[in-house]
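*Asks:* Residues per chain, in single letters:
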Amino acid sequence: MWWEEVRGRERGELRAGRFQAAARARRAASLALSNSKEFATPHHGAVNSLQVDLTEGRYLLSGASDGSAAVFDAWNATECQSGFIAKHKHILLVDKQHQNGHRFTISAALWYPVDTGLFVTASFDQFVKVWDTNSTQVIMDFKMPGKVFAAAMSPIATTHMLIATGSADVQVRLCDIASGAFTHTLSGHRDGIMSLEWSASSEWILMSGGCDGAIRFWDIRRAGCFRVLDQSQSQLGRRPPLLKSTTENDHIDSLGPSTSTRSLAQKRTGNSKKNSPTLRKSQKLTHGPMQQRLHPGLSSSQNRATSHYGAVTGLRTTKDGMYLLSSGSDSRLRLWDIDSGCNTLVNFEAMRLQTGKPLQLAVTDDPSIVFVPCMASIKAYNIWSGTTFRTFRGHYELVNCCYYREQDQELYTGSNDRQILVWSPSTPAFTEMEDDEKRHGLSAADEDNWSD
Amino acid sequence: MTEPSSSYSLSSKKRPRSPNDNGEHPLDRDQICPSLEDNLTFNDTMIALQLMRTQFPKLEKVVVQPFILQSQLYSSVKDRTQVDRDLESFKKDKVLRIFKLSSGQDDHAIMFLDDYLKQVAFAIKRSGGKEQDGSEVFDWFEKYVIPSKLDVSINQLQLCSLLSQGGDVTDKHITLLMNAGLLTRQLIDPNIYWFSIPRIGPILKGLSQGRKEILSLLNRKKYKGMLLSSLEKTKLRLSPLDTRFLIRDLIGSGQIKTVQTPTGLLARITRD
Numbered sequence: 001m002w003w004e005e006v007r008g009r010e011r012g013e014l015r016a017g018r019f020q021a022a023a024r025a026r027r028a029a030s031l032a033l034s035n036s037k038e039f040a041t042p043h044h045g046a047v048n049s050l051q052v053d054l055t056e057g058r059y060l061l062s063g064a065s066d067g068s069a070a071v072f073d074a075w076n077a078t079e080c081q082s083g084f085i086a087k088h089k090h091i092l093l094v095d096k097q098h099q100n101g102h103r104f105t106i107s108a109a110l111w112y113p114v115d116t117g118l119f120v121t122a123s124f125d126q127f128v129k130v131w132d133t134n135s136t137q138v139i140m141d142f143k144m145p146g147k148v149f150a151a152a153m154s155p156i157a158t159t160h161m162l163i164a165t166g167s168a169d170v171q172v173r174l175c176d177i178a179s180g181a182f183t184h185t186l187s188g189h190r191d192g193i194m195s196l197e198w199s200a201s202s203e204w205i206l207m208s209g210g211c212d213g214a215i216r217f218w219d220i221r222r223a224g225c226f227r228v229l230d231q232s233q234s235q236l237g238r239r240p241p242l243l244k245s246t247t248e249n250d251h252i253d254s255l256g257p258s259t260s261t262r263s264l265a266q267k268r269t270g271n272s273k274k275n276s277p278t279l280r281k282s283q284k285l286t287h288g289p290m291q292q293r294l295h296p297g298l299s300s301s302q303n304r305a306t307s308h309y310g311a312v313t314g315l316r317t318t319k320d321g322m323y324l325l326s327s328g329s330d331s332r333l334r335l336w337d338i339d340s341g342c343n344t345l346v347n348f349e350a351m352r353l354q355t356g357k358p359l360q361l362a363v364t365d366d367p368s369i370v371f372v373p374c375m376a377s378i379k380a381y382n383i384w385s386g387t388t389f390r391t392f393r394g395h396y397e398l399v400n401c402c403y404y405r406e407q408d409q410e411l412y413t414g415s416n417d418r419q420i421l422v423w424s425p426s427t428p429a430f431t432e433m434e435d436d437e438k439r440h441g442l443s444a445a446d447e448d449n450w451s452d
Numbered sequence: 453m454t455e456p457s458s459s460y461s462l463s464s465k466k467r468p469r470s471p472n473d474n475g476e477h478p479l480d481r482d483q484i485c486p487s488l489e490d491n492l493t494f495n496d497t498m499i500a501l502q503l504m505r506t507q508f509p510k511l512e513k514v515v516v517q518p519f520i521l522q523s524q525l526y527s528s529v530k531d532r533t534q535v536d537r538d539l540e541s542f543k544k545d546k547v548l549r550i551f552k553l554s555s556g557q558d559d560h561a562i563m564f565l566d567d568y569l570k571q572v573a574f575a576i577k578r579s580g581g582k583e584q585d586g587s588e589v590f591d592w593f594e595k596y597v598i599p600s601k602l603d604v605s606i607n608q609l610q611l612c613s614l615l616s617q618g619g620d621v622t623d624k625h626i627t628l629l630m631n632a633g634l635l636t637r638q639l640i641d642p643n644i645y646w647f648s649i650p651r652i653g654p655i656l657k658g659l660s661q662g663r664k665e666i667l668s669l670l671n672r673k674k675y676k677g678m679l680l681s682s683l684e685k686t687k688l689r690l691s692p693l694d695t696r697f698l699i700r701d702l703i704g705s706g707q708i709k710t711v712q713t714p715t716g717l718l719a720r721i722t723r724d
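Sequence lines, in order, name chains A and Y. So for the first sequence, my numbering puts the first residue at 1; every next one is plus one. So for the second sequence, my numbering puts the first residue at 453; every next one is plus one.
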């Protein structure tokens, strides 16, 4: 009951943080196609990527298949139609006509995390361009060896300004805006890379999902990836069980080194991740020609663990940095516990996902709902139980990307039908009275002095 | 080969479709078999598994120990996450094994361990028996590989190291295992062998044919749907499998959804 919560806050029974969280959850639960706001998209191609800037949460950047990128103001409308629907037109548009614009599809468009003065676009014409927002000029571009599918910048980076880019080539390249050169090349994947995501808890950790079905964790201060997520490593429950015995200890240790120095003292080969503790002894006895002694922090490219039976098309971490969601072309969505590297076995109900394109997933900040573009609709799932919470149907064609803006609890979605739709919390016509037995069945307008 | 006739009286919910059936009174069958609608969902994974195991369709030409498809399990237990977690703990307790099938993406089959061992023994007998050269590999497989490797797949190195606990392993041994149908390769990764249930080829074919047939049957209807009770009674032309088996599988994989109507459950093709 909403008014009960307000009363509780007034009296001091409910703390401010809780009140806020309850309000947000309530609003997020009532999302529907917005009847007060719309974007007039100038794109002539499918909308592939959406992002709202991280500093203010005001400007929406979208990238489309016709090589155009547009910026919209999500707060203030440019015009109001008959005082009801606020239309937001684009403030900025760069397209093929632009002197240095992209020639083919823009697959990713992202803001510079520190301020809105720069944005980065990555395209199938093998270029990654950095633009100055105010002058709408290309400041820098990076040539990649293949079509660029994904680009990401760390939202919490203070010491570096690296753009991680993944292309059809097997290596992840990190481009530095400060110097204009490639600083890192991360090898390990066996096929192209479709999705990239920086960790929300450390500015040095990058996660990449490839077309070979593997998700690799890279610490850019060291060489090589330190973890590969394996779908057969699983834990029952949100967090790994507390260690009870030494064998359990060994098993969990073999999953992946924690970043503590303890891992340096233990010897492990790349293949030992799949062995149970009793087998590790026999493994060491029979030395095959393919086993190499590796630095214990490395996970070699021989580790062929897959996290999906197909390509990994989308990655998203929760804001607290503890969980990672991955969507694959085997039409499954998996929730991983980042700390232990295990599959939490949450089964998100049957969905069909697009297979050829990278998808953009969205999670609410208190991680409770995950939004997934499924064919022509967006499905919202409860993140811990996997049940379908809501299906948003409104687009005419396949949906590619979605972005959830936490400040106003609005969801923006872009699809192949060239539209960006806004889904906002629906306000009921009169105040809610769900569980109120007294006013059950009567609307506020019908009440009078004799109603009971 | 010889199916005990007690299986017909064992579970009244069985409705086999083989021609041997024609002798039964249709009236009895309707009375004693509750329809799929009444028994669609359960709360416990193990109960659902055992019930579906008894409902496994019996074919007259092929003898196969019962197995359950994972999609069928999803359609019959409400909470899918709980199903996954229960399966994982049963797998670790070595009560059952999970196999990845090559028919379609993400198809898995669940089989109880003793059924699997019986099937393996049957397959070994059919593929040439114990008199072959190198047939000790079957014993090694059963003794060393099955109990210790609980996943759906195994890579070359591990396979060799596990088998070599019994003796020297050569390529011939692995060929024997593959000929018997215990290991297969799939297109995903050339270095990995996948565990498989031997001798279920006709059933997999029946599965894919049956799925196509049911979906095309529903697609031809005007509103792409049909009452579940009448769907269950249709006899499939191309597939020898039970309609109920296939319906559960399609519901679980999300291609058919059931809608409650005043006249019962309606099965409809999902549109997204």
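Quick caveat, the hints were computed from the structure, so don't treat them as lab data. All values reported here derive from a predicted model rather than from experimental measurement. One thing to keep in mind: the hints can contain errors.
Which stretches of chain Y does chain A cover? Using the computed rule of at least three CB atoms under 8 Å from a CB of chain A, they are [what the hints assert, rightly or not]:
no. : stretch
1   : 501-508
2   : 568-575
3   : 600-611
4   : 686-700
5   : 704-715
Pair ranges (Cβ atoms, derived) [claimed, not checked]:
no. : chain 1 : residue 1 : chain 2 : residue 2 : range
6   : Y       : 573       : A       : 222       : 29 to 37 Å
7   : Y       : 493       : A       : 183       : 52 to 60 Å
8   : Y       : 546       : A       : 417       : 21 to 29 Å
9   : Y       : 530       : A       : 29        : 15 to 23 Å
10  : A       : 29        : Y       : 558       : 24 to 32 Å
The C-beta atom is built at its ideal place from N, Cα and C for all residues, glycine as well.
*Asks:* For every hint, state whether the structure bears it out.
*Replies:* Verification of the hints:
no.: 1; hint: 501-508; result: violated (count 0)
no.: 2; hint: 568-575; result: violated (count 0)
no.: 3; hint: 600-611; result: holds (count 6)
no.: 4; hint: 686-700; result: violated (count 0)
no.: 5; hint: 704-715; result: holds (count 3)
no.: 6; hint: Y:573 to A:222: 29 to 37 Å; result: violated, 51 Å
no.: 7; hint: Y:493 to A:183: 52 to 60 Å; result: holds, 55 Å
no.: 8; hint: Y:546 to A:417: 21 to 29 Å; result: violated, 51 Å
no.: 9; hint: Y:530 to A:29: 15 to 23 Å; result: holds, 21 Å
no.: 10; hint: A:29 to Y:558: 24 to 32 Å; result: holds, 30 Å
Comparing the model with each earlier hint shows violations of hints 1, 2, 4, 6 and 8; every other hint is respected.
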